[in-house]
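Between the sequences and the hints, there should be enough to build the whole structure, so can you do that?
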Amino acid sequence: MAKKVEFMMGNYAIAEGALYAGCKFFGGYPITPSTEVAERMAERLPQVGGRFIQMEDEIAAMASVIGASIAGAKALTATSGPGFSLKQENIGYAMLCEIPCVIVDVMRGGPSTGMPTGPSQSDIMQAKWGTHGDHPVIAVTPASVQEQFDETVRAFNLAEKYRCPVFVLTDSIIGQMMEQLVIPEPGELEVVDRLMPDCKPEEYLPYDMDKDVNPMPPFGSGYRYHITGLHHAADGFPTNDPELHTKNTVRLIEKLNKNYDDIVKVEEFMTDDAEVLVFAIGVTARSAKHAVVEARNQGIKAGLVRPLTIWPFPEKHLDKLLSKNNVKGIVVPEMNLGQMTFEVQRVAKGRCGVEGLYSLMLDPILPGEILEKIRRFV
Amino acid sequence: MAYDYAKYLRKGKLPHIWCAGCTYGIVLKSLIRAIGSLQWDKNDVAIVSGIGCASRLPGYVDFNTLHTTHGRSIAFATGIKLANPNLKVLAMGGDGDMTAIGGNHFIHACRRNIDMTVFVFNNNIYGMTGAQYSPTTPKGAWATTAPYGMTENNFTITDLAIGAGATFVARTTAYHVAHCEKTMKEAFQHKGLSVVEIINACPTGFGRKNKFKTPTSMLLWMKDSAVNIEKAKKMSEEELAGKFTIGVLHKEEKPEYIETYDATVGLKK
Ligand SMILES: Cc1ncc(C[n+]2csc(CCOP(=O)(O)OP(=O)(O)O)c2C)c(N)n1
Ligand code: SF4
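Just so you know, the sequences run in chain order A and B.
Our numbering numbers the first residue of the first sequence as 1 and each following residue consecutively.
Our numbering numbers the first residue of the second sequence as 1001 and each following residue consecutively.
Watch out, some of these pointers could steer you wrong.
Capping the alpha-carbon separation at 25 Å, the derived lysine to any residue pairs in SDA-like fashion look like this [said to hold, decoys possible]: (1) B/Lys1185 / A/Tyr225; (2) B/Lys1029 / A/Glu267; (3) B/Lys1011 / A/Arg351; (4) B/Lys1042 / A/Arg351; (5) B/Lys1011 / A/Phe237; (6) B/Lys1011 / A/Asp235; (7) B/Lys1013 / A/Phe7; (8) B/Lys1013 / A/Leu96; (9) B/Lys1029 / A/Gly236; (10) B/Lys1013 / A/Glu202; (11) B/Lys1042 / A/Cys199; (12) B/Lys1007 / A/Ala233; (13) A/Lys200 / B/Asn1086; (14) B/Lys1007 / A/Asp235; (15) B/Lys1007 / A/Leu96; (16) B/Lys1011 / A/Thr239.
Since the hints were made in silico from the structure, they are not lab data.
Rendered as structure tokens:
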């Protein structure tokens, strides 16, 4: 059978990816430039037996998504900067309570209402630290319409596998543009479902601290238990024990750290002998690739490191390149004033130069600008 | 035979955290009896709360229970109900939780008419955080954040619910235990969104500093001030001054949200 190929908008591709992954619920609140995800879900969910609701605000939207997940549905919400800020309270809840769900943030310029239609990559740190407390984060960063689809499927899989919220951090250029999308056949991409308990209901522990991931039966399945956003013990009930709270917080973070290789995906392009690396995500990575090719044409040994997972930060990948290659410098182009650069500097530990290339100009950073930065290292 | 409350309690989680004289324990009893009388399977019931003293209730009962963020219980409950309409969903919390921080979710839930029940435990104060004023603290009453007396106007929670479109709205009190149980049961049986305001006493936060010397005096105040809605209809305004009505204040039949949604979008059941 011929492959199903469509010419599709990036935001729609996210919706289609979610449906492929088995999403059955969307709770949202409109905000540019993410709204098309909601619109597509409103149309498509009923066709696959799911439900859509437009809630009264983003706080409610996030809450409804968590509720739906607790009742057993794979659940999605999509938003942009200001809405992402509003969701943070309940995102923290999902992190502590280990509720799988996917949150799409189509980044726009901030702070505040900022630049509603202006592309940006300025929520990198909001994704990491937006909610309070110490917690782990998974954020995937697609760079094409095809990846909007594929990475959304992966985001759902990671959410279900590790019982946690997962972000799809994209930007308005990738979200709003149209490209070819090859829709995979059912079964072609892996689809992960959450772990169900096989013990008796009386024996079930929702938060066994000695396990990385505990099974999660839906409300109504006969496993009755308690979920609270307070720090809790293995049985899910609140505890004020500082040792238990420490153990659980560390466990949550370690659960992702231990699985770095499974979670962190990085595309490396011409890095084998690279002396200058470009580290970029999303739309900026597309320009960066051109710049690297052009640099190579000019005899400069440049290479691209393109994380498809920005959180956990791809430090092992970067570290390996820095210890193996004779890297003189890393160029970090990003559509903000240097959020990712800080992290790259942290990992580089002074082993090479790190140069940020920042823009708030609402246009993609051009290959020529990146090339110019690359040249400075040779 | 003595009533078997134990069947519904998580005995390992007792004693509860509520102060001596707090009426939340009394309401908990009514809740158990109301659910018990309907013979619902415990697995089919989901109780969702926000944050506050009232919101600690779900921890003590053996259902599917969810203690969420402050004010957000109805929004969590909405997701649960939409994902599994077979569940019997109850969202509950204090007056602050439901009508201050949660006010937006409250009115929109009333408007949508999803088949679930909302209990507002109204003790006229923020109990958990130590007696700050709430949207229902009476004018002139003392609160830690109204040390000169409450200056803001109040919400009448039931009027708010009716105005926002709730299809079943009732008021009861922790003093009138049999009435409380009966009202809860009626609310559970109503198809659509039901709201029950339950007048409660917070002797620690509200009573002490507002001329209710003992917890009993607060219960007596409920006894003396509550007038059944049927009786109230025959009373004059002067007779009703300083009193409040209890009973089913509003009831109407309207299409339920999920049924309407499913039919509209062509979802097969
Ligand atoms: C976002 C947020 N803001 C504030 C608080 C602090 N807080 C906890 S309970 C509460 C008010 C509780 O009052 P009410 O809802 O009336 O319930 P009661 O304790 O009287 O039963 C507040 C303000 C919080 N937990 N979360
Ligand atoms: S502070 Fe008030 S509401 Fe809270 S438990 Fe004590 S008496 Fe009850």
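How the hints compare with the structure:
1. For the suggested pair B/Lys1185 and A/Tyr225, the alpha carbons sit about 24 Å apart, so the restraint of at most 25 Å is met.
2. For the given pair, B/Lys1029 sits about 60 Å from A/Glu267 by alpha-carbon distance, which is inconsistent with the 25 Å threshold.
3. For the given pair, B/Lys1011 sits about 60 Å from A/Arg351 by alpha-carbon distance, which is inconsistent with the 25 Å threshold.
4. The suggested pairing of B/Lys1042 with A/Arg351 is violated, with an alpha-carbon distance near 61 Å, which exceeds 25 Å.
5. For the hint linking B/Lys1011 to A/Phe237, the alpha-carbon distance of about 13 Å falls within 25 Å, and the restraint holds.
6. Of the supplied pair hints, the one linking B/Lys1011 and A/Asp235 holds, its CA atoms being roughly 14 Å apart against a limit of 25 Å.
7. With a C-alpha separation of about 57 Å, the suggested pair B/Lys1013 and A/Phe7 falls outside the 25 Å cut-off, and the hint is violated.
8. At roughly 21 Å between alpha-carbon atoms, B/Lys1013 and A/Leu96 fall within 25 Å of each other, so this suggested pair holds.
9. For the hint linking B/Lys1029 to A/Gly236, the alpha-carbon distance of about 23 Å falls within 25 Å, and the restraint holds.
10. With a C-alpha separation of about 15 Å, the suggested pairing of B/Lys1013 with A/Glu202 holds against the 25 Å cut-off.
11. For the suggested pair B/Lys1042 and A/Cys199, the alpha carbons sit about 19 Å apart, so the restraint of at most 25 Å is met.
12. Taken as a hint, the B/Lys1007 and A/Ala233 pair is honoured in the structure, with Cα atoms around 23 Å apart against an allowance of 25 Å.
13. Between A/Lys200 and B/Asn1086 the CA atoms are separated by roughly 22 Å; this keeps the pair inside 25 Å, and the hint holds.
14. Restraint check for B/Lys1007 and A/Asp235: satisfied, since their Cα atoms lie roughly 19 Å apart, inside the 25 Å limit.
15. Our distance criterion of 25 Å between C-alpha atoms is broken by B/Lys1007 and A/Leu96, whose separation comes to about 30 Å.
16. This hinted pair checks out: B/Lys1011 and A/Thr239 have alpha carbons roughly 16 Å apart, not beyond 25 Å.
Figure legend: structure checked against the earlier numbered hints; hints not met, in rising order: 2, 3, 4, 7 and 15.
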